[in-house]
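K.L.:
Respectively, the protein sequence lines represent chains A and B. So the first sequence is numbered by our numbering: it starts at 283 and just counts up by one. So the second sequence is numbered by our numbering: it starts at 8 and just counts up by one.
These aren't lab readings, by the way, just hints derived from the structure by calculation. Only true hints are included.
Here are the simulated lysine to aspartate or glutamate pairs, EDC-like style, with alpha carbons at most 20 Å apart:
#	chain 1	residue 1	chain 2	residue 2
1	B	LYS88	B	GLU101
2	A	LYS453	A	GLU420
3	B	LYS410	A	ASP377
4	A	LYS383	B	ASP326
5	B	LYS10	B	ASP28
6	A	LYS383	B	GLU218
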Amino acid sequence: MSSPIHAEIVQVCRTCGGGAPVDVHFCPQCTKILRLGRQGDYFAFLGVPRQLNLDLAELEQRFRALSRQFHPDYFYNSSAAERVASLERSSYLNDAYRTLKQPISRISYLLELEGIWTSADKTGVNASKQVPPALLEEVFALNEELDEVRMLRESGAPADQWRPRLQHAAKPIEAKRAEHEEQLQTLAARWDALGEQPSAEDRKTVLNALRERMLERNYINNLLGTIERELNGSGLEASDSRPVPKPEV
Amino acid sequence: MSKVVGIDLGTTNSLVAYVRDGVPVVIRDKSGDALVPSIVSSSPDGTMFVGREAQRRLLTDANRTVYSVKRFMGKGVDDVKDEAKLLPFRVAGEAGGVVRIGLGDREFTPPEISALILRELKHRAEEFFASQGEIDSEVDRAVITVPAYFNDAQRTATRDAGRIAGLEVLRIINEPTAASLAYGLDKRHTGVIAVYDFGGGTFDISILRVEDGVFQVLATNGDTHLGGDDIDMLLVEQILLDLESEQPSYVVSGLSRTKTATAEQIQEIRKAVIRAKWDLSDQEETELLGKRITRTEFEQLIRPIVDRTLRPCLQALGDAQLDASEIDEIVLVGGSTRIPLVRRLVADLFGKTPHSELNPDEVVALGAAVQADILITGNRELLLLDVTPLSLGIETMGGVVSKIILRNSTIPATGSEMFTTGVDNQTAVDIHVLQGERELVGDNRSLARFKLRGIPPMPAGMPRVQVQFQIDANGILSVTATELRTNIQQAIEVKPSYGLTDEQVEQMLLDSFEHAEADFAARLLIDAKNEAESVVNATEKTFRSAEFAEVARTELAPGEQKRIEQALVGLKHVMLSSDREAILQWTKVLNDATQHLAEIMMNRSVKEALTGKNIEAL
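Just chain B, same shape as in the assembly (with noise of 0.2 Å):
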């Protein structure tokens, strides 16, 4: 059987988990590291690097490499023109379209670039299953985290992003209620729960009800452009504002006062400023760029960023119809938590300790792989009910917005409306679908247009059309529409406001694949390659060594060197090349040419660290 996991796809890092006899586990690289950095960076040649790799050459090909996308995911150029200053990549695409991503030579849009990460973790278990020993480690299907307050759009371009890394999206799934998932597993508690969820761009607070094994979300809230990267963007900022003055505190090699910095450098000033930030939640001080920086300071600057958390988590308790001294327990989802600051601001809030118990960064892909569980095994123990985010609603006369489906409705829900025609013989109907809050349409999220079509001509006001929103278990809207008189069915023609229609999904997986195999082959030359260097290394060493040139008098067989010589020069040329089988078998035969050159070198080694040395030291 093919293999299904939980993803948390995140602003900042990305994990993959799955559920091992029952208990979710997170799928670690061979270092044991289970953060893939979501960042993407593209080589001169178009191969591409996902993760740890892409993060390494943020620093060295800044202008080639795109993080942070899930910031842009569902949204239009129009949207992120003041944020996509401060990035280094290109932020383009047509005015009132969806924003398309400079990478290298080519454009993407931001479900693209979550598809890449989505690979890279589909890449990482299934290396993982493999290395089990299991007989099919395909991973085909998954329950994607998106934060809770993600509108529809933004829900929609994940799903994309998945279908688009040739995935079967089980769910999509909000990242604090996976969080809750994770957490009561171990403990069957019955009460009210706040998920506060600080991650590296967005920021969620949901409010569950925990009874019987059935997490019933009561209401959620959130900002969608709130994270740690603000801290990081805010202290970034202050820092090139500070090397402007006559006498900077900063000191940034190769950076002045006259001198712009460049796209590598404003990365380099953001890792420093990272660390520091790390480095204040469990020390009073430390130093940043050639500064000392106290935590209070720190806590000054970001205060004003941490405080914005407040507002979302008043009005869910709000909509919950609870006080906050009636919340049971706390949970701290997210890397943003880790910040002493935030952690004083909740427990002031609800006047009590959060849990912490797990790790904030890998609580959310737990939470997910048992969804998935739960959706592959039809286990009845745990039901996740949870909310739509937003209102919503379609525009009525006057630009005025009509709701349907008010926020926090449990869901799957439905709504309908009636519409009439207004002039005689009329036969289609514009609608225009909305969400948010806010009275006046422009205002609101604007999610498609509809065209009904397929009226049957009458008089005005006679036709009586019944259009019916179905939000699904995704959280994610589907339309259809009847004409009661005639109980015809109508066409619906969608246009996404923000997003991607089927075809073009279709399209981008189609050249995915395409390039998965281009990618494929670039990724078994790297290998091939850094295998072929690691053997050149060695044996270049050992004939620089000092004691060389003894060896090869005493030890080796005549005409052994020249052979050794051979080899070495034979694969320094085929590396040159892009021949991966010329490479493995140069590599071959450079290995078994230095075998006996490798053994006496090892020999004398151990011999040489015994000498000098007693029994006892031993």
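Looking at chain A on its own, in the form it has when it is part of the complex (with noise of 0.2 Å):
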């Protein structure tokens, strides 16, 4: 899904003056590695298509080829600018393959790049507070459980009392993980079929049902992290009672 801008100069050459595309590396015209600055993205970095199925095998020897041109270790002899430039894009390539790798950080990348993913998306603000409508039956019936489980805590009794209740508190909502594993499956197979030319409206429906599911899989997370946390016996009384210092701004 290449854009047109990419045929437009957009970097400018710190060593010689000379102008060159967004995702090229090296200067067409000196050959020396070109600093990082309005660059295209981590797709386009990698020079993989913009998709959600992605060859792992391909997005790895990509990765190990350009680590082999822009690493710092070869450009100990260079000018500063070539330096400076390697870090600049090894550090880019480093954080692109790791977020590319992994199914999951590679969606949340693609709605932040399409302006899907807001910053409060992104910091889990709002998977707190809202209970996803899909998820409102779990939740209910969880927060009853815990309640009991609490109180069972503070009456002293032994662990092998509650231990098992949390544990099978937690099946139902294991369960709806793996249902939205599959569903974000199929969405990001429909994203990748969407083809050349999609119409705004397509892309539309396909990145805000991937929002929704990703938003709900992030409540899920957390659900389960509150589950393992009361098992482990630091629950939510214990992390209510830090010390509050002085915030930092």
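Bring the two chains, given one by one in their own frames, into a single complex with the hints.
P.N.:
What follows is the structure, encoded as structure tokens:
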């Protein structure tokens, strides 16, 4: 899904002053490594299509090949500008590879790139505040169970009385997560199948569906995390009693 | 061209290596010894000894001798309180500040002590290159290794040590990764390698994927306070405890139940313990201070220490998303991997016999030399892609850490975070940078506090300050900040929590130059005195010999004995001074005066050797 912007000159070589297309790493004129300016995106940088099912072997192979071109090890005797450029490009490459390697971070990156994933989504603020409608039933049941377990614990009941209940309560949530993984995969396949010239509406439908599933997924993970903490005996009460130092800003 | 080397700056021993015709070689001293004990000792007049000589002084001047300084790199006084009790040297420093170590009458920071060791290695390498007939034998650049699990403060302290020693530190690389590089040279293999590095003071586990000459670290874990030292300390403590009992099983001369062990006696016990530990690596039993000890008994004692290496291994496997059975090869590094129990444990964990073709003491230095060569020549055959061992974060509201760069991220890596102000017209923001995996600030390592200044006065919440964190290929952090609305680059004031400022490092480098001259002069004087002493000893030995009277009567020229005696008195007199020139002159006078006598004695001893023996026996 290359966009026409790639053909325009958007980078300026700090060594010779020449121009270069956005997803080119070395100056076409003087062959020196380019500073990281207005880079395209992780997909373009690694030279892979903006898709959600990537050939991981190919991704890794590209990562290694580009590492061999950018790594600071090979610029030790180069000019200061080239050394900075090598550090910038290596760092960006490492960040890009790490993000695209895992399916989940790949989806959230795509959503971010498409302007659909807000910073509130990213930090999980939304996830912790509103219960996704699809999860209302499970969350309600879990909260009841958690309340009872906490009461049991406070009354000094031994762990073997409440532990199995917690483990049991986690079951439907875990099932939901598995269900979500499948839904995410189906949506990912739908995104990849949109083809070269998808309508704006089609794109939006798939992306919004992906965002919703991702938010639900984060919510589910938070729930499972809560259960995990309860199992380890460091429940919410403990974390609420933390000292609250003066805010930094 | 000046020379480039790779240095393994170890807890117990340090080594230096270089690449000759594409092959890494460890540099040895004249007696073939590659290891420089990481020990520094100071004589009452301030002369510094490093290495073997300093090690000998542990038994005579324990209180003026420092070892295992690597354990204190990048640490604060509060971190090392417990451990300092068992050591013969003073560990001090201001609360909340960097450790200071008493050595003789002065106090040094750990990077300064490490710099003395690095200087010794530099000197050894330079002497070696000069002996090879190199025109420019100066060593001014080096790759220095650190444990993979070293945090930013410990890495920075190591880099500072290099700078204080007058070396340009080309790169700080991780010890297990360096080892894999040394192993990967002759075998162009593809697969997943686990490097188990159990040294004198630190433990590391690194898991790497090797393909097309790229050594990519997938995960690393470890304990920077776990090594052979802990085994030694445990045994020393046991013996001291035993010596206090009614009927002790161990015998230490001059030490009884009622007497407290001196620093020197503790060192003597420690030396015996280390010897027994070595013995038990290839013997079933040995003697330790008058008591028989079997390998089984020894293993029972040290098992808890060795078991502490397991959790990091499992954590690293988990982070690499691999099962132990998916590891193709295991490489052992570090002296402590000679212990059979350690080998069994590793073999059991991975279900495979580990590699140990290369000397586990030397493999790290070899790898460092390879990396130095890559940096200098730009040779692109091999590439190391390492990771940051610990997550990097900043303090946010409520004393909670917000992670910005996660552990096991391939380096170099970047991360950024947006800040704003809390009150109107606020022009500065405090930022606290931490390293570690825990949620609360207090449970992580404080790296530095930054103050962002010069934020344009605006209503609260309006400024958008983007703070960019960059971890470079050394695993060392740098921070820049920009106010996005005005695009103004912010001034950053760094206060390293447990480190030295650039100015301090600069000053130490200058100080070390002054001392280097003094140290160099001291070294030359010692050499001259040693030479003089050997001539004096040889002459006096001849005078004392049974046949000398006869020789003097029959073979020496008139007045010859008198001349020798005068030269002898003269040399012994100047030897009491610190006048190197005079010592050298009088040494020559005595040498010349005894030349004829030496020839006579030589001839006589040859004749004597021949008498009474038939031709066949010769």
